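Here is what each chain is made of, one letter per residue.
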Amino acid sequence: MNEILQYTVQGLAAGSFYALAALGLAVIFGVLGVVNFAHGAVYMLGAVTAAVLLDTLGVNFWLALIVVPVLLFIFGVLLERVFISRLIALDPLYNFLLTFGLTLLLVDLVKRQYGVSGLPYTRPEMLSGQLQVGEIRLPTFQVFVLVFSVLVCLAVWLLLTRTKIGMIVRASTEKAELTRALGVDVNKWVTPVFGFGIALAGLAGVLAAPFRAITADMGSSFIIILFAVVVIGGLGSILGAVVAGFLVGLVEVFGQAYAPALSQIVIFILMALVILLRPAGLFGKEEHA
Amino acid sequence: MSTPVDTADTTVERSPDQPAGFLGRSARRWGLLGLGLVVAVALPWFVYPPVAIDIICWALFAVALDLLLGYAGLLSFGHAAFWGGSAYVAGLVSIELGLPFPVAALVGALFAMALALPIGLLSAKRSGIYFAMVTLAFAQMLFFIVNQWRGLTGGENGLQSVPVNFFGIEAVEDEAFYFYYAALPIIVAGMWFAWRVVHSPFGRVLVATRDNPARARALGYDVERYRVAVFVISAGLAGLAGGLFAISHGFVSLQEVAWQTSGKVVLITVLGGIGTLWGGIIGAAIIVLLEDYLATSGFDGIGIITGSIFILIVLLFRRGVWGTFSDLVLHRGRRRTDEPGRRRRGGVRPVPYRRRSRSIPDRSR
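Which chain is which? The protein sequence lines are B and F, in order.
If you're matching positions, the first sequence starts at 1 in our numbering and goes up one per residue.
If you're matching positions, the second sequence starts at 290 in our numbering and goes up one per residue.
Just to be clear, a hint being listed does not mean it is correct.
[Stated by the list, open to error] Negatives, chain F to chain B, calculated, CB over 12 angstroms: (1) P339; (2) L358; (3) V392; (4) A403; (5) L410; (6) G417; (7) F427; (8) G443; (9) N446; (10) Y467; (11) V494; (12) R514; (13) I563.
[As the list claims (entries may be wrong)] Some but not every residue of chain B turned toward chain F, in silico, with C-beta under 7 angstroms: (14) Y94; (15) A213; (16) I224.
In short, the hints are calculated from the structure, not lab data.
Just so it is clear, the structure is predicted and the values come from calculations on it, not from any experiment.
Even glycine gets a Cβ: it sits at the ideal position worked out from N, Cα and C.
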C-alpha cells in the first residue's frame, strides 16, 4: 500500500513536467495552430539557462523559477516574430518543419557551447531531504515539484477561465473565424500566447534542473513523450494536456516499478490504445478531416 | 489539415503530365532520365564509393518518403522505423542465413511493409500534423524495443560485422566500388516503382485524396485505404533502402531507428522539393556530401548547419531545390500549384506569406 502511494506521488511528480510542457504546447496549438517541435529543446534550454545562471551569476533555484521563464518568454516572442509569423498563413506542416530545424540548431549549439557531458546543478538545501507523512517517506523535491506544478496549472486554468484574455484565447481556440467576426482582435494575442507557451516549457526545464542530467539531448526523448501525451489527451485540449501529462507520468513510474523491460514502451502502448478507441484523444473533439 | 470545399485548380491541372514549357514533355523526360542514369553510373568515379552508396540509399529513402508526403500529403515523422527496422532484419538475415544481399534487403523491405500495415491502419485515422506525431511515436516505440532487446539487436552496440554476400563474387563482397554497381539496379528499380505508382490511376487518386479528401470520399474512394496502401508501399521502399544501407556499412546502429533519422529524410525531401521525386535524389546528394564534408573537416555541429538549412528552406524556398529549378527552367512562367502543404480553402488563393497576414488557421471545420 505504502509502495503504491509512493509510486503515485513519484508518478505525479514525473507527470508534472509533461503536464506543464504539454499545457504550453496545447495553448500554442490552440491559438496559433502550430505544433511546436522545438518544445523539447525549449525544456532543455530552461534547464541549461538555470544551470548557467547559477554558475555565472549565482542565481539560485527559487529566482531561476521566475527569471528563466521570463527570459524564455522573450525568446518565444522573438521566435514568433522572426519565424513563426511568416508561416502562419500556410499549412501547419511548415511550422512543424521549421521548429524541427530549430531543434537541430539549438541542440547542437548548446552541445558545442557546453559539451555533451552535462552541467552540474546543486539542489537547494531546503528541498534535498525527505518528508515523513505517517509511515511514508517521500523525497521533498518531488512533493515540491508536484505541488508547484499543480499550482501553476491551476493558475493557468484560472487565467483561461476567469479573465478576458483567457476568454479570447479559449474562443480563438474553439472558433478563430467566429471570434474575429465578433470584433475581437485575435491576432494581438498570438505573439504573447506563443511566448507564454514557451515559458511554460522552460519552467518545466527549470524544475527538472536539480534532479535530471542537464545535457543538450535531454529534450530529445522528452519531446517524443510530450507528443504521446498530446495524442493521448487530444491535440488542442488544454484539460487533456494536463490530465494526460500526469497520467503518462504515472504510467511511466508504475511501468518502471512493475515491468522495467517495458517501461519506456508502455506509454506508446497506451497511446496506441487511445488512438484505437478514441482517435481524437481522451479529451479531444472529433476532427472533420 | 484544411479541407478545401472546392478549388479553382483541379487535380487534372496538377497532374504530372502537364504540357511542358521547355522542350517537349517526353523529350524532356527522357533527357532527364538519361542524364540521371549517366550521373548515377559515373558517381563512384567522382565521389568516394561508400559515400556514393550512401547517396543512392538516402535518395531512395527520400523518394519513398516523398511518395507519401508529396503525393498523399501525409508527413510521416517515423520513417526511420521502416528504414531501420529493415536494416536490422536485413542485417540479421545476412548474419544468420548468409543470404545474398539483394535477397536480404528484400526480406528487410517485406518486414518493413509488415510493420507498416498496423502502424498505417492506426495512423491513417489522422491526417496533417496529427499523422506526423502518431507516426513519430510509433517509430519511437520500435526504437525502445530495439534498444531493449539486446540479445537480438545488440542494444546500443548495434549489429556488428554484417557480411556482404553476393553469390561468392569477391569483388562485390569486398569493394564498395563494385558493391555500388550491384546495389544500383535495386535502387533504380525501387525508384522506377515509385514513379510507376505516382503515374498510375492509383497515384491520381492519391493526389485527389491529398487535395480534397472530402471530394475523393464523395466520389466513392476509401481515402483511409488509399492512405494505408501508399504508407505500406512507401515503407517497403524505405526498407529496401535501409537494408542496402546497413549491409553496405557492415553494421547496423541504433541511430537507424532513431527519430533524428526520420527527421533527416524529411529534411532531404523538403530540401530537394516536395512532390517531385527527383528532388529526393538531389536532396540526398546535397545532404550526404555536406555531412561527409563536415565530418572530414572536423566540424562537430552538423545540426547547426542542417538545422539552419531546414529553417531557410521552409522560410524561403518551400519548393525545394528541384521544385525551384523546375519552376524556373523547365516550366518557365508556369504557376505550379502542386505544393502539397499549401493551404487552399474554398477556392481562395492562399495568402502570400510576404504580406505577413496573421490569418489564424481555422481548424473547427
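Against the structure, the hints come out as follows:
no., hint, in the structure
1, P339, "holds (24 angstroms)"
2, L358, "violated (9 angstroms)"
3, V392, "holds (31 angstroms)"
4, A403, "holds (17 angstroms)"
5, L410, "violated (9 angstroms)"
6, G417, "violated (6 angstroms)"
7, F427, "violated (7 angstroms)"
8, G443, "holds (16 angstroms)"
9, N446, "holds (18 angstroms)"
10, Y467, "holds (35 angstroms)"
11, V494, "holds (17 angstroms)"
12, R514, "holds (16 angstroms)"
13, I563, "violated (9 angstroms)"
14, Y94, "holds (5 angstroms)"
15, A213, "violated (17 angstroms)"
16, I224, "holds (5 angstroms)"
In this structure, the hints that do not hold are numbers 2, 5, 6, 7, 13, 15, in rising order.
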